[in-house]
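The listed protein sequences correspond, in order, to chains A and B. The opening position of the first sequence corresponds to residue 1 in our numbering, with each subsequent residue numbered one higher. The opening position of the second sequence corresponds to residue 1001 in our numbering, with each subsequent residue numbered one higher.
For the record, the hints were derived by calculation from the structure and aren't laboratory data. Warning: the hint list may mix true and false statements.
[Claimed, not checked] Below are the EDC-like pairs computed for lysine to aspartate or glutamate, each with C-alpha atoms no more than 16 Å apart in a straight line:
| no. | chain 1 | residue 1 | chain 2 | residue 2 |
| --- | --- | --- | --- | --- |
| 1 | B | Lys1019 | B | Glu1082 |
| 2 | B | Lys1041 | A | Glu39 |
| 3 | B | Lys1044 | A | Asp2 |
| 4 | B | Lys1040 | A | Glu39 |
| 5 | B | Lys1036 | B | Glu1053 |
| 6 | B | Lys1040 | B | Glu1103 |
| 7 | B | Lys1071 | B | Glu1053 |
| 8 | A | Lys40 | B | Glu1024 |
| 9 | A | Lys37 | B | Glu1082 |
| 10 | A | Lys56 | B | Glu1103 |
| 11 | A | Lys67 | A | Glu55 |
| 12 | B | Lys1009 | B | Glu1024 |
| 13 | B | Lys1044 | A | Glu55 |
| 14 | A | Lys41 | B | Glu1082 |
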Amino acid sequence: EDKVVQSPLSLVVHEGDTVTLNCSYEVTNFRSLLWYKQEKKAPTFLFMLTSSGIEKKSGRLSSILDKKELFSILNITATQTGDSAVYLCAASGSARQLTFGSGTQLTVLP
Amino acid sequence: DTAVSQTPKYLVTQMGNDKSIKCEQNLGHDTMYWYKQDSKKFLKIMFSYNNKELIINETVPNRFSPKSPDKAHLNLHINSLELGDSAVYFCASSGGGISGIYEQFFGPGTRLTVL
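With the hints as constraints, model all of the structure from the sequences given.
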């Protein structure tokens, strides 16, 4: 069975801190790894990673994939209170469906 | 314009009832999905569907059934509702076929409460 594990489960930081969120996966015939941000409602797409070692960047957020070690990290620099959310990692494999991790609850205090 | 919309946003009903949740996407995508998110925020795939293929997560009870009147709609029918069905249900869509490797756009969710 495909599995995605995220850590930590929750994280509390202060504005300006840098955080690293972790995602490890075990999926058959891995195709891609996706990161989503979920605030009060629907998850919103952040990144999709398919190749090892290539960093994807969007503003203060960046992510990288390691297909050898089967993990990905999501970095957020200079955190702001608006970054507070649940960050979800999902992997796609031969089942042709996304398997989600349980998420990391990030709280950024002013 | 809303890309993926769901109705209703909230649904409160009694055990044993049958209910439906509707989903529509105006993105021109060919694949749609239903997810269940429980109280611990764990998001789990229920169905993937395009006009050629339905993939069912084997853990989903057969009381749940997707119905697609056309490519832009995928409704979720639930028969004989149980307390454990209480959750937030998300519809999503993506392009590029049923491979699921493409970005998925999520609807706002339907919070179902079974009393």
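Verification of the supplied hints:
Between Lys1019 of chain B and Glu1082 of chain B the alpha-carbon distance is near 11 Å, which keeps this suggested pair within the 16 Å criterion. Among the hinted pairs, Lys1041 of chain B with Glu39 of chain A is consistent with the structure: their alpha-carbon atoms are about 11 Å apart, no more than 16 Å. A C-alpha spacing of about 12 Å is found between Lys1044 of chain B and Asp2 of chain A, which places the hinted pair at or below 16 Å, so the restraint holds. Restraint check for Lys1040 of chain B and Glu39 of chain A: satisfied, since their Cα atoms lie roughly 14 Å apart, inside the 16 Å limit.
Taking the CA atoms of Lys1036 of chain B and Glu1053 of chain B, the gap is about 20 Å. The hint is violated against a cut of 16 Å. A hinted pair counts as satisfied when its Cα atoms are at most 16 Å apart, and Lys1040 of chain B with Glu1103 of chain B does not qualify at roughly 23 Å. Among the hinted pairs, Lys1071 of chain B with Glu1053 of chain B is consistent with the structure: their alpha-carbon atoms are about 12 Å apart, no more than 16 Å. For the hint linking Lys40 of chain A to Glu1024 of chain B, the alpha-carbon distance of about 21 Å lies beyond 16 Å, and the restraint is violated.
With a CA separation close to 30 Å, the supplied pair Lys37 of chain A and Glu1082 of chain B exceeds the 16 Å bound. With a C-alpha separation of about 15 Å, the suggested pairing of Lys56 of chain A with Glu1103 of chain B holds against the 16 Å cut-off. With a C-alpha separation of about 13 Å, the suggested pair Lys67 of chain A and Glu55 of chain A falls inside the 16 Å cut-off, and the hint holds. Distance restraint check for Lys1009 of chain B and Glu1024 of chain B: the Cα-Cα separation of roughly 13 Å lies within the 16 Å cut-off, and the hinted pair is therefore satisfied.
For a cut-off of 16 Å, the pair hint linking Lys1044 of chain B to Glu55 of chain A is broken: about 27 Å separates their Cα positions. Restraint check: the Cα-Cα separation between Lys41 of chain A and Glu1082 of chain B comes to about 24 Å, which exceeds 16 Å; the hinted pair is violated.
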